[in-house]
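Visitor: Listed here are the chains, written in short residue letters.
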Amino acid sequence: MANMLIDVQATFLSLDSQYNILLAGCKTQAQRDVLAAQYAAAQQNYQRTLNATLTDDDAQVAALSTQLKSANLQVVQATAQLGNISKVINDITTAVSLGAQLVAMV
Amino acid sequence: MSLPVRSSASIFQIRTAIVAVFIGYLVLIAGCRTSEDAAAAATQMSATAKSLSDYYAALSIILSDTDQIYSLNEAMYSKPYSKESRQELKTTGAELAKRITLAADLSTLAGSFAKLTGSSSPADVAAAGNKLETEVDNLASYNASTGEQNAIKSALQLFVTAVQAHKEHEAAQAMDSLASGLSALFDKEADSWKSVDDVYVQLAATLAGNLVDQNAADNSAMLKPALDPFGLTPSAPAPDLNTKLATLTKQQISTRQAALVTSYSNATDAMSKSLHEMSQRIHMVATDKPMAFRLPPVTVATVEQWATQVLSY
Numbered sequence: 018m019a020n021m022l023i024d025v026q027a028t029f030l031s032l033d034s035q036y037n038i039l040l041a042g043c044k045t046q047a048q049r050d051v052l053a054a055q056y057a058a059a060q061q062n063y064q065r066t067l068n069a070t071l072t073d074d075d076a077q078v079a080a081l082s083t084q085l086k087s088a089n090l091q092v093v094q095a096t097a098q099l100g101n102i103s104k105v106i107n108d109i110t111t112a113v114s115l116g117a118q119l120v121a122m123v
Numbered sequence: 442m443s444l445p446v447r448s449s450a451s452i453f454q455i456r457t458a459i460v461a462v463f464i465g466y467l468v469l470i471a472g473c474r475t476s477e478d479a480a481a482a483a484t485q486m487s488a489t490a491k492s493l494s495d496y497y498a499a500l501s502i503i504l505s506d507t508d509q510i511y512s513l514n515e516a517m518y519s520k521p522y523s524k525e526s527r528q529e530l531k532t533t534g535a536e537l538a539k540r541i542t543l544a545a546d547l548s549t550l551a552g553s554f555a556k557l558t559g560s561s562s563p564a565d566v567a568a569a570g571n572k573l574e575t576e577v578d579n580l581a582s583y584n585a586s587t588g589e590q591n592a593i594k595s596a597l598q599l600f601v602t603a604v605q606a607h608k609e610h611e612a613a614q615a616m617d618s619l620a621s622g623l624s625a626l627f628d629k630e631a632d633s634w635k636s637v638d639d640v641y642v643q644l645a646a647t648l649a650g651n652l653v654d655q656n657a658a659d660n661s662a663m664l665k666p667a668l669d670p671f672g673l674t675p676s677a678p679a680p681d682l683n684t685k686l687a688t689l690t691k692q693q694i695s696t697r698q699a700a701l702v703t704s705y706s707n708a709t710d711a712m713s714k715s716l717h718e719m720s721q722r723i724h725m726v727a728t729d730k731p732m733a734f735r736l737p738p739v740t741v742a743t744v745e746q747w748a749t750q751v752l753s754y
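If you read the protein sequences in the order shown, they are chains S and G.
Read in order, the letters of the first sequence are residues 18 to 123 in the working numbering.
Read in order, the letters of the second sequence are residues 442 to 754 in the working numbering.
Calculated from the structure, these hints are not laboratory results.
Every clue listed holds true.
A partial selection of chain G residues facing chain S, derived with a Cβ cut-off under 8 Å: (1) K520; (2) T533; (3) K539; (4) L644.
Computed from a predicted model, the values in this text were never measured in an experiment.
Using N, Cα and C, we set each Cβ at its ideal position, and we do this for glycine too.
Can you make the complete structure from the sequences, with help from the hints?
Guide: Quick look at the structure:
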């Protein structure tokens, strides 16, 4: 596919750079129409081949997108869990403090 | 009724047991690398994610400019720009948008991972442990020695640091395959995106050359090196001056065309290296392999430079 892309790209760019000279050399409208049609086809072939190389990777792109979101969720949860440890200790501290107050009331 | 007051000895035993549990847990997860390796991976990840976003954003501009050149060529030189070609270009844009989303997701993930590696939890826990210590002392009518307090505080801090390293290790494992996958995707598609840049640069150069040939461009900009130092500007463009400068102007188009292609290639190489480095660092944290050197992140200044250049078009 990569070689095909290089070939259609070269054809299109070559025609693009020569287009004005070729157009000036056309003697009839029919010749001009053929040239225009060839240009349009070369441009379209290039764009289509380029897209074929990219859409080939659609499944890989979708899988990576899912993995990225899932990994982010895991990392966010891990950070929250770390933060929870100090929260748990603080909760215990509050409980102990309450216990101390209860003891004082006995 | 009063609660039995524990003896100093039994409280000491409880504290010792707590410390032992922490140390036991530390031994269990001792295989985890320190946070420093994870922080090095996070730094590389953040730098890479930003550059990847900039890289794809610049390509997006190039694609949009290509669309405009097609339209200009159609209007000025009757080069057809068919409905089918327009649709194909839109499809390319849609494919690029998917990569831009991937880069944005990578940035989000890099931010989350940086938060995890830069978490202040060990310090927070040590402070929380300190408060708990005071409360327990009050309850038990037993004042721990400074040595005991420091031991427990250090144990708590070590415990959470170890948990953090363990979490970083788990996070790196979750990111390992996707980091190498992103790197592989970038390398695999390099030729396709290079083609997008090559086509844009050559189409633009051809159009610029045509405009110079038709005397439709102001070539007096070529006089800047001579006039700028003296605060002078060229007079209104004269046809004969434009004609005299045409050859030089076309040489400049050719030189800059080559420079633009080289600049893109350098940016792509740098982007690829940065993605590989990111993948390698994440893999090391995921597999508990120590980093021999914690080098600063592989700089992607070349990518930034190229992206800035494209933005200035």
